[in-house]
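Numbering (the numbering used here), first residue to last: 7 to 530.
Heads up, some of the hints might be wrong.
Below, simulated EDC-like cross-link-like pairs (lysine to aspartate or glutamate); rule was C-alpha separation at most 20 Å, straight line [to be verified]:
| id | residue 1 | residue 2 |
| --- | --- | --- |
| 1 | Lys-367 | Glu-308 |
| 2 | Lys-35 | Asp-9 |
| 3 | Lys-13 | Glu-57 |
| 4 | Lys-397 | Asp-370 |
Okay, the calculated beta carbon distance ranges per label pair [what the hints assert, rightly or not]:
| id | residue 1 | residue 2 | range |
| --- | --- | --- | --- |
| 5 | Trp-434 | Pro-144 | 46 to 56 Å |
| 6 | Arg-134 | Ser-493 | 11 to 21 Å |
| 7 | His-98 | Arg-441 | 26 to 36 Å |
| 8 | Arg-273 | Asp-154 | 52 to 62 Å |
| 9 | Pro-338 | Lys-367 | 38 to 48 Å |
| 10 | Leu-463 | Gly-62 | 26 to 36 Å |
| 11 | Pro-352 | Asp-406 | 15 to 25 Å |
| 12 | Arg-241 | Leu-463 | 26 to 36 Å |
| 13 | Gly-62 | Pro-144 | 48 to 58 Å |
These are calculated hints, taken from the structure and not from any lab test.
Just so we're clear, the structure is a prediction, and the values are computed from it rather than from any experiment.
Note that the Cβ used here is the ideal one computed from N, Cα and C, for glycine as well.
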Amino acid sequence: MADGMEKLEVIFGAPGCGKTTELARLARKIALQDGSDTLLLCAFTRTAAHELSTRGLEIEKRQIGTLHALCFHGLDCPPLAESHTKEWNASHALYALSSSQSITDCDLGHQGTFGDQCLHEVNVTRHRCLSARRLSPPAHLFWRAWADWKRETGYLDYTDLLARARTVLPVAPHVSRPYSVMVDEGQDMSLLQWSVLRQWASHAARFIAAGDDEQALYRWAGADVRPLLTAPSRRVLPQSYRVPRLQQALALAYGQRIRYKEPKVWRPRATEGHLIRIGHTWHHADFWRLQAQRWLEESARETTVTFIAPCAYMLQPLVAALREAGVPFGNPWRTRRHDWNPLRMPHRGIGMVQRVLDFLKSPDRLWTWKELGTWAPALLRSEECVYPGGKGRMTARAEDPGLCTLADLKELLLPLVLRRALTGSLDWLESATLRTQRNALTYPCRVYRRYGRNALLDEPCIRVGTVHSFKGTESDIVVYFTDLSRSQRLALCAGGDAADDVWRMRYVAVTRAREMLILAGPLE
């Protein structure tokens with residue numbers, strides 16, 4: 007049987023060259039030839055997998071997703087260890103894990119708990135297909151305890167999904183033979199992931215991967231670009247539909263510093279673009295907040311302004327300034343980072359934005375029981391605002407869409423409270439809110455006062471995040487904070503693979519802008 011990697015066809019593309027579009031075009035062509043049930047499409051991130059699914063491909067959901075998700079469903083959805091961290095922490099306090107999210111999708115610089123660090127080292131070692139003997143002594147002790155616990159409980163962790171798939175799933179799941187394996191974001195796949203894909207591809211008719219080695223940002227998590235660079239069949243997409251000339255020139259200068267890469271010739275967009283260098287750093291948060299507001303106010307159309315930093319801590323002053331001024335911001339590609347998405351509705355439960363919107367019901371009617379149950383029981387101080395048993399009654403009817411009567415409200419809320427609540431005063435709501443909830447309530451109230459109801463519902467035009475969080479995205483205006491962390495500065499001095507990682511990060515950062523790129527801070 008032929009080695010799957012001998013079939014690998016690689017589509018290289020610089021930023022904005024349409025790698026995902028080309029992959030989707032080929033998928034549609036193959037679906038017409040062989041049938042849609044012969045396709046398996048996978049990507050490194052859920053965001054990229056979702057993007058593929060929106061490209062008009064008429065295939066079943068189970069045939070497209072991240073490689074972890076495809077393995078998870080192919081193994082009949084085993085219980086996941088990362089979903090039972092509380093159970094683990096109860097018996098392994100020394101190696102307590104903070105959460106599944108911080109383990110699997112941490113940003114560079116995120117340290118987490120001692121257990122998080124040990125699990126990260128274990129996962130990276132496994133993704134690089136290295137022996138457990140390469141682990142540090144603390145990580146090795148963690149690994150033995152973690153492996154014993156998983157064996158006792160029958161759980162698999164995320165990395166186990168890949169390791170188990172190599173032995174249990176020799177053929178790609180959910181597809182008919184002959185089938186085609188197609189991969190997006192190939193530059194971010196680890197050797198362990200490539201070993202699964204290689205096995206599936208050995209039974210496949212086609213094996214196609216799209217990627218850009220100069221945008222490989224996840225070597226710290228085990229990613230390896232060598233399978234892309236050594237593929238027998240390679241081609242380069244020649245035209246960027248995002249990057250203007252000035253930004254391309256800077257990107258090429260950064261790309262030249264990367265030692266091990268695929269040479270590429272690509273054309274920029276037919277526009278000069280704007281490249282501005284400003285000495286203000288990420289410490290000058292109020293300056294950047296005012297500047298972003300000015301750009302949005304002066305724009306004749308809806309414009310996106312993105313602030314990109316090498317490390318998450320560099321965004322904290324700007325986030326604080328935006329919150330203090332009541333300016334909407336977010337990061338739609340890192341929705342689980344609440345500090346970057348304070349206005350986003352939570353994945354579970356009721357968020358503070360929903361409580362504010364339900365309190366501010368239409369002035370020509372009373373609240374529904376559902377609206378009342380959203381804000382009143384959770385926010386109001388019991389003894390000063392609600393009759394005894396009132397919160398229980400409101401909670402019990404919190405799913406009732408029917409309108410409350412004035413008589414009902416008089417039995418629930420104290421007279422002065424009811425009069426003030428009916429005015430829809432946010433000032434009163436903040437004063438009557440429990441201290442534990444007041445801080446979370448303040449920011450959406452500020453946004454509403456300044457920009458109105460739609461600002462709580464619409465996707466913010468100002469975005470904040472690390473370079474890693476914005477890979478694969480674009481924005482009209484990008485502010486890139488050029489400061490480096492101490493470890494990144496040391497990496498540049500040391501050279502080698504670690505220095506390549508820093509240049510790749512810079513390459514990605516400066517190629518996010520469609521129109522204007524601002525380099526903020528010191529330059530090398």
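Quick check: which numbered hints come out false for this structure?
Hint check: 1, 2, 3, 4, 9 and 12 fail, others pass.
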